[in-house]
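Asker: Sequence:
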Amino acid sequence: MSSIDNMIETDENNNMTNLYETDFIKWTIKQAQALNDHNIKALDWNNLKEEIEDLGKEQINAVHSFLKQIIIHRLKLDYTNEILSRGHWIDEIDDFQDEIERRLTKTLLNKINLEPEYERAKRKVLKSYKINLPDQCPYTFEDLMTRLPGN
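Take the sequence shown: its position 64, counted from the start at 1, is 69 in the numbering used here, and no numbers get skipped.
Do not take every clue at face value.
To be verified - Computed Cβ-Cβ distance ranges for the label pairs, DEER-style:
| id | residue 1 | residue 2 | range |
| --- | --- | --- | --- |
| 1 | Glu120 | Glu63 | 18 to 24 Å |
| 2 | Lys135 | Trp50 | 51 to 57 Å |
| 3 | Glu55 | Ile88 | 45 to 51 Å |
| 4 | Glu147 | Ala67 | 16 to 22 Å |
| 5 | Glu97 | Pro139 | 18 to 24 Å |
Claimed, not checked - Below 25 Å or equal to it, Euclidean Cα-Cα: the simulated BS3-like pairs (lysine-lysine) are:
| id | residue 1 | residue 2 |
| --- | --- | --- |
| 6 | Lys35 | Lys62 |
| 7 | Lys62 | Lys73 |
| 8 | Lys31 | Lys46 |
| 9 | Lys73 | Lys111 |
| 10 | Lys35 | Lys54 |
| 11 | Lys116 | Lys129 |
| 12 | Lys116 | Lys62 |
| 13 | Lys116 | Lys73 |
| 14 | Lys31 | Lys62 |
| 15 | Lys135 | Lys73 |
| 16 | Lys73 | Lys129 |
| 17 | Lys111 | Lys62 |
| 18 | Lys73 | Lys35 |
| 19 | Lys116 | Lys127 |
| 20 | Lys54 | Lys31 |
| 21 | Lys62 | Lys129 |
| 22 | Lys46 | Lys35 |
| 23 | Lys62 | Lys127 |
| 24 | Lys129 | Lys54 |
| 25 | Lys127 | Lys73 |
| 26 | Lys54 | Lys116 |
Derived from the structure by calculation, the hints contain no laboratory data.
Predicted, not measured: the structure shown is a model, and the values here were computed from it.
The beta-carbon is built from N, C-alpha and C at its ideal position, and this holds for glycine as well.
When you get a sec, could you build the whole thing from the sequences and use the hints?
Answerer: Written as structure tokens, this is what we have:
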């Protein structure tokens, strides 16, 4: 590779990095096009790697967040005597289950850890209710994904 080619490639990489910082959507379009065209030189390797890693983290964080919400609602259903909100809680659980089903892959399924989400959910429920809750999560992933009957 000549020094002129190196200068052009460096300039293209700088342009792609600048685009990443100024117009993320346009950057993603250009990166997708470069991948589609198998144009390795047009790829912004550092930012692309970071975005792919972040995408994976974002998906598992979303699934964990929805699981926490399901646990909160299940704890309220199973451990409180509140009657009026039960239908609403069941509807919410159903919506959260839908969101998890949209995102769930085998890889994500293997990364699920209920215990930290249970601790967060338990803390939230105990702020509103003076009840005794189990020390460990009383639900399996399958329990949390089982559809509950309506009222």
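Asker: If a hint holds in the structure, say so; if it doesn't, say that too.
Answerer: Hint by hint, here is what the structure shows:
1. Glu120 - Glu63: 18 to 24 Å: 21 Å, holds
2. Lys135 - Trp50: 51 to 57 Å: Given range 51 to 57 Å: holds, Cβ gap about 55 Å.
3. Glu55 - Ile88: 45 to 51 Å: Given range 45 to 51 Å: holds, Cβ gap about 49 Å.
4. Glu147 - Ala67: 16 to 22 Å: The hinted range 16 to 22 Å holds for glutamate 147 and alanine 67, with Cβ atoms some 19 Å apart.
5. Glu97 - Pro139: 18 to 24 Å: 21 Å, holds
6. Lys35 - Lys62: Holds, because 23 Å separates the two Cα atoms, which is no more than 25 Å.
7. Lys62 - Lys73: 16 Å, holds
8. Lys31 - Lys46: Within the cut-off at roughly 17 Å; holds.
9. Lys73 - Lys111: 19 Å, holds
10. Lys35 - Lys54: 15 Å, holds
11. Lys116 - Lys129: 23 Å, holds
12. Lys116 - Lys62: Between lysine 116 and lysine 62 the Cα gap is close to 10 Å, so the pair holds against 25 Å.
13. Lys116 - Lys73: 15 Å, holds
14. Lys31 - Lys62: It holds: about 23 Å lies between the C-alpha atoms, which stays within 25 Å.
15. Lys135 - Lys73: 19 Å, holds
16. Lys73 - Lys129: Roughly 10 Å separates the two Cα atoms, so the pair holds.
17. Lys111 - Lys62: 15 Å, holds
18. Lys73 - Lys35: 37 Å, violated
19. Lys116 - Lys127: 21 Å, holds
20. Lys54 - Lys31: With a Cα-Cα distance of about 17 Å, the restraint between lysine 54 and lysine 31 holds, given a limit of 25 Å.
21. Lys62 - Lys129: Status holds; Cα separation ~24 Å.
22. Lys46 - Lys35: The hint holds at about 12 Å.
23. Lys62 - Lys127: Holds: lysine 62 and lysine 127 sit about 24 Å apart, inside 25 Å.
24. Lys129 - Lys54: 36 Å, violated
25. Lys127 - Lys73: Between lysine 127 and lysine 73 the Cα gap is close to 9 Å, so the pair holds against 25 Å.
26. Lys54 - Lys116: 20 Å, holds
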